[in-house]
Amino acid sequence: MQFAFRTFGRGAHPPASKFTANVPLAEFDAPELLRVPLSQHIGAPAVPVVEVGDTVAAGQPIGESGGFVSARVHAPVSGRVTAVKKGVTPTGAQCVHIEIENDFEGRTAFLPPLDDPTPDMIRERVRECGIVGMGGAGFPTHVKLAPKTAPEFFLLNGAECEPYITCDCRLMTERAEEIVRGARLMAKAVGAGVALIGVESNKKGAYAALEKACGGADDVRPVLLRTKYPQGAEKQMVFALTGRRVPPGGLPADVGCVVDNVHTAYAVARAVDMGEPLISRAVTVGGGETGAPGNFFMPVGTPFSFVREKTRGERSDEDIVKVISGGPMMGVAQSGLDACVSKTTSSLLFFGAKESAATSPTQCINCGRCIRQCPMKLSPRDIEKAVVAGDFPRTEELYVTDCMECGVCSYVCPAKRPLVQAIRLAKKTLKERRK
Amino acid sequence: MKNLRVSSSPHITSPATTQRIMLDVIIALCPAVLAMVLLYGFYPLFLTVLSVSSAVFCEWVFNIITKRTQTTRDLSAVVTGIILALNLPPVVPFYVPIVGAAFAIIVVKMLFGGIGRNFANPAITARIFLMLAWTGVMTQFVLPVDLSDGANLFAYFRQGVEISLPDAITTATPLQGVKEAISSGTDPSAGLSALDMFLGRIGGSAGEVSTLAVLIGGVYLAVRRVIDVKIPVLYIGSTALFTAIFFADSGYVGEYVWTYLLGGGLMFGAFFMATDYATSPKTPVAVVIYGLGLGFLTVVIRKYGTMNEGVSFAILLMNIVTPLLEKIKRKPFGTPHKDVKELAAAVRAKFAKKQTAVEEGGERVE
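Residue numbers (numbering that gives the first Met the number 0), protein chains in the order written: chain A, 0 to 434; chain B, 0 to 365.
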């Protein structure tokens, strides 16, 4: 009965590989040294407000937002600031990190809980707590919660369509109450009448928990969606839940929707009800070379090397071929373990030779899979041809800018051609030329 | 862990490979090959082996001469060889498939850049080439052999080297009978049995006669998602539709439809040749035009042409149109549809403008 669930057109079915779906969320050991990146979000990086030698408590602001589209950063643990220096982020970029030596005293500096907050109070609290979209993009949530016109729908994205990742699944299963509470708060903040939570059909447990938490209410309810990649893409999620099509270059707000991730809703509920800033998140650690995989609440700033140490199990580091921050479809391959967990790190995968087989491209056989399965109805085959020919204006005619880089084309290609990679090159080149 | 592999996402790929797809096509061709052996004995199988060997050998040599990477391992030459052999009459001289496969691979496929770059289906183009080169042997068909006598399995090896076959063993194909019925205005299905045509107990090309065997392979391809199933469905459907339209006043509409569907190479062409990757369009609108065009051309050629190779010529012609169909632009997801009302309003506005222009012009003349 798979086809009975709501979904979007086209797409692909990579193996789900949700090996950690039944591993309960656990608190991760706190590291002795944390490096908190000041750019964990889209927009201006945060500005450091502490200095080397300062003593901080968990939840105390250490970076003030550097503009309207920016977000505050807080100390994840109590301790002492030992350095303010540049470092590498999980996306491969460079930004200032604040290094904190954990004193394991557990001092906290949370905000007072809010009782029956108004929309403005919710927005202000979200801003104070530095909450950003935790699905991957990291768009500052207080900006998203201030739409120009009140939308009809508030949509929560619990699709988690990327293979391997199970942190949202566990969060929905174990913390459904908080997520539903967060959904109500966020719907209230944007002025939407209805909040829908989209969950893929392979997360029946999460769906049941959310349904129980909603208790048959009219204003919030979960909706089962077909398991298909990229079900969690914003435009595809809007279409599956409401049947509305976000126009090219547009935002969900254009069709009366605001979309946010379930983990964000959880963070909002914690911020409002407990005054806790966004200083930790659920992270899936998996992949074939992880000896002790699982889902963990990790403080932001936990170094990847520390994560590896605690989850290595019986495995050897020598067998790791690839380290991915995020999922295998859209995640970022790491060149080392220097980066640290940020607010948008949903998973850390350690792949061996078997899982990340290197493929060399062969000649395109014109099978048309990339064209038939592109969720955005583009023609990756033609775009790649234009890129190979160096004809970048042609790629623009082929709507290359509407590509969301989900990677379906490269995934399904039998000739293993680097299609989405060519598209990225085209977008980057067009951007540079426009300057 | 010193040398981590860093690459742009996605970090996983589907198990589909070119080789696996071609292997699927070969598997799908097996029922037709089996039916061919059961109907005509081992001689056409021998021709198939020659055709495949010639195809693979030519690709191998071509790659060596032009200093390209060897591509014979992708199995696409094997597919071309099998499809060409199944397209030939069961009894032709042994050199016919050898020359045909060489033409298909070298001229139609490799000279245009190899796999995925050919402008027309290699097997069909080669078949038409052979048709013109050896019209005599390419148009004489034999009856299926009686397999109750095991020796008959080797029945046609003796005649294989003859250019013209004795009348005693040749037969007319159903479509030749239908063609005569068109001019005489009689029942086209006279003397034909739908069951025989479905199972393949008729004269025709070696691998195309058994509709049943072709359908089994076609369903396999559709289930494995190797082919875009819209193409055969549209092709077969539109052939039935256009047959009904073109023969509407003949008095034998039903008979024409089923003889046209079961006779000739329609089923084989629809599943195995019209769906050829390099020469079929990909976007839904283009596929619909392609499918309808195939059906239309097939019926027109079969009804008005002097030859019965409607399917081959229709596919070849639509192959040539495919690059044009590919130019039909597809708008990205979410592009607002023009409302019917909006369109009507736009048309009306245009019309009204013309009207006023005419009126104004009229006034000026007065």
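No wet-lab data here; the hints were simulated from the structure. Here the structure is a predicted model, which is why all the values come from computation and not from measurement. Careful, some of the hints might be misleading.
Below, simulated DSS-like cross-link-like pairs (lysine-lysine); rule was C-alpha separation at most 30 Å, straight line [unchecked claim]:
id : chain 1 : residue 1 : chain 2 : residue 2
1  : B       : Lys349    : B       : Lys330
2  : B       : Lys326    : B       : Lys349
3  : B       : Lys66     : A       : Lys376
4  : B       : Lys328    : A       : Lys434
Status of each hint after checking the structure:
In summary, the hint linking Lys349/B to Lys330/B is supported, as the alpha carbons are separated by about 25 Å, within the 30 Å threshold. A threshold of 30 Å between alpha carbons decides the hint, and for Lys326/B with Lys349/B the separation of about 28 Å falls inside it, so the pair holds. For the hint linking Lys66/B to Lys376/A, the alpha-carbon distance of about 38 Å lies beyond 30 Å, and the restraint is violated. A threshold of 30 Å between alpha carbons decides the hint, and for Lys328/B with Lys434/A the separation of about 28 Å falls inside it, so the pair holds.
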